[in-house]
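Enquirer: Model the full assembly from the supplied sequences, consistent with the hints where possible.
Those protein sequence lines, which keep their order, are chains V and X.
Residue 237 in our numbering sits at position 237 of the first sequence, and the numbers go up by one each step.
Residue 305 in our numbering sits at position 305 of the second sequence, and the numbers go up by one each step.
Below, a list of computed lysine-lysine pairs in the DSS-like style, where the Cα atoms sit at most 25 angstroms apart:
1. V:109 to X:384
2. V:92 to X:384
3. V:202 to V:239
4. V:109 to X:377
5. X:377 to V:92
6. V:453 to V:466
7. V:92 to V:109
8. V:92 to X:360
9. X:414 to X:496
10. V:239 to V:177
11. X:399 to X:259
Treat the hints as calculated values from the structure; they're not laboratory data.
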Amino acid sequence: MAKANLMDYEKAIELFEVVIGLEVHVELNTNTKMFCGCRNDFGDEPNTNVCPICIGLPGSLPVVNGKAVESSISIGLALGCQIEPNGGFSRKNYFYPDLAKNYQTSQFKDPIAFEGQIDVEVPSGNKFTVLIERAHMEEDAGKLTHIGGATGRIQGAEYSLVDYNRAGVPLVEIVTKPVYGAGAEAPELAAAYVRLIREIVKALGVSEARMERGNVRCDANVSIRPHGQEKLGTRTETKNVNSLRSIERAVRYEIQRQAHILAGGGTITQETRHWHEDKGATSAGRPKSDADDYRYFPEPDLVPVQPSTELIERLRAALPENPADRRKRLATEWGFAELEFRDVVNAGLMDLIEETVAQGAKPQSARKWYAGELSRIANSEEKDVLALNITPAQVAELANLVESGKINDRIAREVLSAVLDGAGSPEQIVKERGLEVVSDDGALIAAIDEALKSQPDVLEKIREGKVQAAGAVIGAVMQAMKGQADAARVRELVLERAASL
Amino acid sequence: MSELIRKNASELIEMMNKGQVSSVEVTQAHLDQIAKVGDAVHSFLHISADSALATAKEVDRRRAAGEKLPTLAGLPIAVKDNLATTDAPTTAGSKILEGWLAPYDATVVTKLRNELMPILGKTNLDEFAMGSSTEFSAYGPSKNPWDLTRIPGGSGGGSSSAVSSFQSPLAIGSDTGGSIRFPGAVTGTVGIKPTYGAVSRYGLIALASSLDQIGPVARNVLDAAYLQDAIAGHDPHDSTSLTNSLGSMVEAAKHGSLKGKKVGLIKQLSGDGFQQGVRNRFAEALKLLTDAGAEIVEVDCPSFEYAIDAYYLILPAEASSNLAKFDSVRFGMRVTPEGNPTIERVMAATREAGFGPEVKRRIILGTFALSSGSFDKFYGAALKVRTLIQRDFDSAFAKADVLVSPTAPTTAFKFGEKVSDPLAMYLNDIATIPANLAGIPGISVPIGLADEDNLPVGIQFLAPAHKDAALYEVGAALEGILEGIWGKRMMDFAPKLEVN
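Expert: See the structure below:
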């Protein structure tokens, strides 16, 4: 894949207006699939959570998962949408081997939720209102694994395996109206919007909302047009961008790529594009036209979805606080400086810190771990903090080990790296490897006395009140303790012993 | 011919209950008849002799032990081969499913098993139930026992020929546009399409989901009532199945009456252009209804004119989507072309080899009707006609308790007569299709033989949705009057089946 020539970003923004549109798929965490009783868990052994319905055997019929409908309504309400009182499902017809029936049971004309809006804040503190066109229910397809090709892609593969565990998993697709006016902040807005959707569905408890696991997936539509031009530019749809960081980068890339083409007198091809995290670039997928013919028609195997007013109002009453209110509350509860808090929000760390605090960590130490060491590691590995192999409970444990003085910062970093390597929980690791600081004053005093005796000149200086000379003794003691001592305590004891010896 | 197989289902039930005959004897008698006439009539695609006898033995054992048994326990039955069965292949009359063994039973089949009915086998049908003659079965046509050179009706010609040639006292059919009622009319048997949703479709290989309905095939109205009572009821696996009970059809059939009934004669289906012998029997039947105290009122259903057009858009549209799953990936036939084919080519080659001409015709028609350029003009317009037909029925039922028409324009035609003329074939269903479009129940009851060919003629009654019992009442009453006049049963007119 040749990397396309890109226009300088600032120049692109100067010449063109950016219009984005976002389609976010949220995988619901219902116990069972959308239209059958199979477990909604596609991490299991391939093709174990399947039945005649989700593998589309002749004669089988779907039945709507009522819980999935409720979850979808909750999402709609949280997005300020109206709820369709008399909707239903349609069939979207196309042939693909991961689609068991060769049609996807989806919603077409009358989505469960429509016409909503949410306010999204970008890192600069600017706020944009994003209009929601619709949120509709549908089923996921199975998962294809291509064997024998160079890059796991279908091109060049010898054969492909299909896992239908994911077939029929309930999804809600949230589609925005075109978003205008974000200008240079369009990429940040795209990422902030998806982050907000994640926060919302997580707060609702309707999805695990983990992007790295595909619980939340984003297709980003990008088009640009010269400032002042009324007609929208031709859009591209970058599919399945699976991290917030990638969304931002992919949108930015598309703006620069399209700007370069248009400025050179070329035209944009309407197509789907694939984002390559490693190369930091998109590549052309299949051409897509508005005339893609899915031959939608009402699903005759299902009856209309008619949520009662009572149900809708019950779900509305049960909505958790909206994300803006939540931010306000957490800012107060945690007592972070304004800038600290904004950094936390922009880095997408709010949920993690909240969970870590819930697991017993102090807010500031939770913040320090996530905004500091964990972000640094994630950055160097080019992934989201969320994708690191550590749970909030483990971070809380680690923070409390340091807080209580059981380990020092240096040991803590060592423990962290062991946790990330999958060696166990921080407490386990500290215990197994004997990393706990030596808090037994007896052992410390013995080592200090030893060090003081072997450096009589230093002892003399300390006694003369040259306290900074103690450093040499402290160093020697820490070495003798293999670093597993609380340096502050050692210092205290050194001064004490020097006076009494 | 064993006298046993000529008994009605209700008579066999009584005999078994009284210990006059065992289920094994009844089942074996029918298996013997299958062995005798099976090759000539070709009703069955699969015969399950061993499992049928095993069920029969089990019933006899439990009966001997004094257990309380379900109403139809021990009574053999045949099942149309578009219903999924775990112990016998399910082909839907198509090569693409040849040898496919379903990993689950259709809900109706489960009900038959729970009822302890020995299942004799799977009956022939036009491929995926697309046809009116069984000539589109990939496994060859079934024959009409009244005249082996003629069609037994379709798509359920396997079930109608099995019941009319005494290979089975009862059979299960499915009716999308007349596939139970038309075969009933041309074989002198009773066929009922219940209200849409009265019987679960779970496990029925879908033709057109919004039109398909499973129903009974029998030699008289009471027998059919027993079967409907056994298979009806809500099924949590079928969202479109009715949640309310429609009552006892057996009670309705036992208390059949015409007195004071308003019978609506549908102006558009009163017999104009129908075969003369059909019109004659129909006119006589109307007179018998009046004599028995019914009042004939004429009703106007102007939108029926467009029923066939709408049907042949809605059905292929749904079918084109329903049949998309036959792609070789997970089950059924797989044809792998030469070279290093893509999955698309494997799918195309399989569908090319596995589907017959009528199936391909309807898939193409339906795909076209749903495509974005023609949706409004075709599928969308057909849905509007469907609504208009429902309104015609609403106003007709405001004037009448039941509606009446001949079931079909002609008696059984000869093989080959219409197979190359799809439009002529489609016209057979002119009187039966409106009920499917409206979701209402219909029954075909034999009313004698046409003068010109001595072949059976059927009358059709239609009732409002959920009023299936009304059909059993009028059907059983008319049947009783006719048997009284004839001094015998309809099937007693049938010529002796000449088989080697």
